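**Student:** Chains as they are written, first to last, in the numbering used here: chain A, 1 to 160; chain B, 1 to 160; chain C, 1 to 160; chain D, 1 to 160; chain E, 1 to 160; chain F, 1 to 160.
Covered stretches of chain E (in silico footprint by chain A; criterion: 3 or more residues with CB under 8 Å from a CB of chain A, positions within the stretch not fixed): (1) 24-30; (2) 43-50.
Per label pair, the in silico range of CB-to-CB distance: (3) 12/B <-> 51/A: 26 to 36 Å; (4) 83/F <-> 118/D: 52 to 62 Å; (5) 112/E <-> 97/D: 33 to 43 Å; (6) 14/D <-> 56/C: 33 to 43 Å; (7) 118/D <-> 97/C: 25 to 35 Å.
Just so you know, these hints were derived from the structure itself, not from any lab. The structure displayed is predicted, hence computed values, not measured ones. Backbone N, C-alpha and C define an ideal beta-carbon position, used for all residues, glycine too.
Number of protein chains: 6
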Amino acid sequence: MRTVEAYFEDYEIGSSRSTTGRTVTEADIVLHAGQTGDFFPHHMDAEWCATQPFGQRIAHGTLIMSMAVGMTAGDINPRATSYGYDRVRFVRPVFIGDTIAVRAEITAIRDHKRRPDQLGQVDETVTVTNQHGAVVLSLVHLYVVEKRPTDEPGPTETPA
Amino acid sequence: MRTVEAYFEDYEIGSSRSTTGRTVTEADIVLHAGQTGDFFPHHMDAEWCATQPFGQRIAHGTLIMSMAVGMTAGDINPRATSYGYDRVRFVRPVFIGDTIAVRAEITAIRDHKRRPDQLGQVDETVTVTNQHGAVVLSLVHLYVVEKRPTDEPGPTETPA
Amino acid sequence: MRTVEAYFEDYEIGSSRSTTGRTVTEADIVLHAGQTGDFFPHHMDAEWCATQPFGQRIAHGTLIMSMAVGMTAGDINPRATSYGYDRVRFVRPVFIGDTIAVRAEITAIRDHKRRPDQLGQVDETVTVTNQHGAVVLSLVHLYVVEKRPTDEPGPTETPA
Amino acid sequence: MRTVEAYFEDYEIGSSRSTTGRTVTEADIVLHAGQTGDFFPHHMDAEWCATQPFGQRIAHGTLIMSMAVGMTAGDINPRATSYGYDRVRFVRPVFIGDTIAVRAEITAIRDHKRRPDQLGQVDETVTVTNQHGAVVLSLVHLYVVEKRPTDEPGPTETPA
Amino acid sequence: MRTVEAYFEDYEIGSSRSTTGRTVTEADIVLHAGQTGDFFPHHMDAEWCATQPFGQRIAHGTLIMSMAVGMTAGDINPRATSYGYDRVRFVRPVFIGDTIAVRAEITAIRDHKRRPDQLGQVDETVTVTNQHGAVVLSLVHLYVVEKRPTDEPGPTETPA
Amino acid sequence: MRTVEAYFEDYEIGSSRSTTGRTVTEADIVLHAGQTGDFFPHHMDAEWCATQPFGQRIAHGTLIMSMAVGMTAGDINPRATSYGYDRVRFVRPVFIGDTIAVRAEITAIRDHKRRPDQLGQVDETVTVTNQHGAVVLSLVHLYVVEKRPTDEPGPTETPA
Chain A
1 MRTVEAYFED YEIGSSRSTT GRTVTEADIV LHAGQTGDFF PHHMDAEWCA
51 TQPFGQRIAH GTLIMSMAVG MTAGDINPRA TSYGYDRVRF VRPVFIGDTI
101 AVRAEITAIR DHKRRPDQLG QVDETVTVTN QHGAVVLSLV HLYVVEKRPT
151 DEPGPTETPA
Chain B
1 MRTVEAYFED YEIGSSRSTT GRTVTEADIV LHAGQTGDFF PHHMDAEWCA
51 TQPFGQRIAH GTLIMSMAVG MTAGDINPRA TSYGYDRVRF VRPVFIGDTI
101 AVRAEITAIR DHKRRPDQLG QVDETVTVTN QHGAVVLSLV HLYVVEKRPT
151 DEPGPTETPA
Chain C
1 MRTVEAYFED YEIGSSRSTT GRTVTEADIV LHAGQTGDFF PHHMDAEWCA
51 TQPFGQRIAH GTLIMSMAVG MTAGDINPRA TSYGYDRVRF VRPVFIGDTI
101 AVRAEITAIR DHKRRPDQLG QVDETVTVTN QHGAVVLSLV HLYVVEKRPT
151 DEPGPTETPA
Chain D
1 MRTVEAYFED YEIGSSRSTT GRTVTEADIV LHAGQTGDFF PHHMDAEWCA
51 TQPFGQRIAH GTLIMSMAVG MTAGDINPRA TSYGYDRVRF VRPVFIGDTI
101 AVRAEITAIR DHKRRPDQLG QVDETVTVTN QHGAVVLSLV HLYVVEKRPT
151 DEPGPTETPA
Chain E
1 MRTVEAYFED YEIGSSRSTT GRTVTEADIV LHAGQTGDFF PHHMDAEWCA
51 TQPFGQRIAH GTLIMSMAVG MTAGDINPRA TSYGYDRVRF VRPVFIGDTI
101 AVRAEITAIR DHKRRPDQLG QVDETVTVTN QHGAVVLSLV HLYVVEKRPT
151 DEPGPTETPA
Chain F
1 MRTVEAYFED YEIGSSRSTT GRTVTEADIV LHAGQTGDFF PHHMDAEWCA
51 TQPFGQRIAH GTLIMSMAVG MTAGDINPRA TSYGYDRVRF VRPVFIGDTI
101 AVRAEITAIR DHKRRPDQLG QVDETVTVTN QHGAVVLSLV HLYVVEKRPT
151 DEPGPTETPA
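Model the full structure from these sequences, guided by the hints.
**Tutor:** This is the structure:
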């Protein structure tokens, strides 16, 4: 975890980053049920799932989303604030033993509506794939980022 | 947890449900960091947070979202599938010791674009408030719901 | 989770409810060992268990009991208080991967000994079965329930 | 954790053992809710609890019972099997920050009904007290214990 | 867990103790990643591990070390303090499903450098083996132990 | 988490890195007791601790060590392998609510004894301090690092 200061001007459409993989385990599902209180049989009852079209237990949508967002939380940017998500879509189910990886790409950059002199908005499209390369989840992560003060030089990295 | 069959025709705009409250604890944040790998100091470093404008540790956005969605997971509807979220917005920070409650209201109902004869889409607006009644998170939960077959009677409840 | 007010007069011998299933996972056993401090090899040492008559790791009795009681915690009744259990019996071992389900039936109703005008006692027999339909645990859950005040109408449900 | 072989003949009415204390934490309650799926506001909603006679969150009964039984799981006796509990009574609520300790005393010894030549039954009364010395939980832990074969010497300890 | 008072004079080179086994589970690794924040693909990404010489996910070194030290924490000695470890060596990887056991042997006893009249130092060599009998971890656990006051009799055990 | 290839020749004595802070919580201690099975009253019994010189519960040594090592697990170096620790010393207790930070400095570099042509050894001294700047733990983390093949250019970073 490093602190890397980046101002609005440092973001570029099309720049992207990719994570290493993470295997979604039965333990993750058990812990997520425990954290959320969602013990729906779709996640918890292997016998019933075996009678359903999907055939086996499915990870909670909020689990995959939380894991994916966490996997992109690599560098701390003190100039950016996350304020929400748009178009969160669960495209395919994630099963126990699947391994997910995340790609995040800057897909939109625009001035902040109310404070265009000081702030900008940055959209990062997060795409989660499984071990077969198939997309399981996509979403747009929304950031507000400070614009560089006129007397400030380029990006600074504090390695940690 | 009950199984309550409800078809598209059973949903009405404006109908709503509310949950009991849940206190967000330090343990929840520790467990969510552990589940997601997001150990940003905003969530984990009380000393640093004390030097920041928000003054204390903040719950992860995905934690509050996961808890809130879980709190609404009361009845199983075998006719409905959750496929995503729109307009997820973190309106205010949630601190350790805050108690959240959730209200979910059906806010849009429409035919499914590709299969309007069999399916409909239902939007449920989820609003999370803290113990002061202030909104901390809102989102729209998206469902696809089966339309009632022509030979089928009204909603059925299997109490559990 | 709904709040459903039910007075003593609303309970009937023979009325019952059944839960969906829950698969008992290795993670559940690991977490229960961690919560209780019981790391007996019967639960934790697959190698040693393979040399024993039961052949594999066994879930803690208190784990199955805690899960089963939790699975019946569906509706909140502000008029009832749980005060204990009688005749808790571990009938068969539960192994990793077994799926349990719970049936709870009202089996006894009687006046409270010291305050018969205001309170009654309700016994709910909880039976836990595995995926083969075999009973693994039974117990009697003991409740004290308020009697309906003379000026009060029938049961009220606050859906949530 | 030691393995200490004890046959039925080695148990004596009135013999007892006591544990060190354990503080019941908010994290324990969060983890137990997560393990059982019981998110009743009595355990999880500090705001609502503050409006109730008990005034604050209460530990789940099954949590205190599981912790107490675990605290007595010190020595492994390969000659004894736990088969259930009788008269589990929650005498007082346990609050976050309370410290419990357990005393276990052999209170009954009798021949096994169906196999009196080979087996005996041993009742151990488990009493859980809080930091004020007040009883919060009591139960009777039921064991079946092998009788000593005629050619076998006294108890053996394998320290570990 | 028992409290067993032992003074420096009660320790003997060559005396040893051995634990029962514990199977290292996928859940343990998930929980340790969550506790430490170490989500390296060596521990979390089954797909990538399959492409590496070791072929499968490996338990964190600090997990095996923490488990092993915990497995030796059987008796409380109020006269001894643990102050560190020397020569911690990860000899072989531990995989999911391996079962470890621990042997601890007193391997050095000497007077404390600065307070030889009151204190001594005791080294306990901890050796962790897997189900094949192969060493996976060794370390030296370092204790400072009080010397017996001249007016004090032999060791006392408070069974618990 | 990034993958940063660094060969033996890329390490320099005196180069260092520092982490952000992490507050040690009651939940961390509860989880560590659960992971290790070490429920000693020093960590779990607030009442007893209040009667001791240290006055309050103390984090397990292996918890602080595991957290600290995890906090330094920022970049993956496929050319380096961790094989152990030397001189692990618990200098001061860590209490609930303390915030630790870690500094890691390369303090020794030498050829590998048996394969000096291909491998080197690198010692990284890890120092953990609390919010008062006092050292609570120090250790030396031991790595074996590949030497750069003669046909290989300088360090490569694969950002993630």
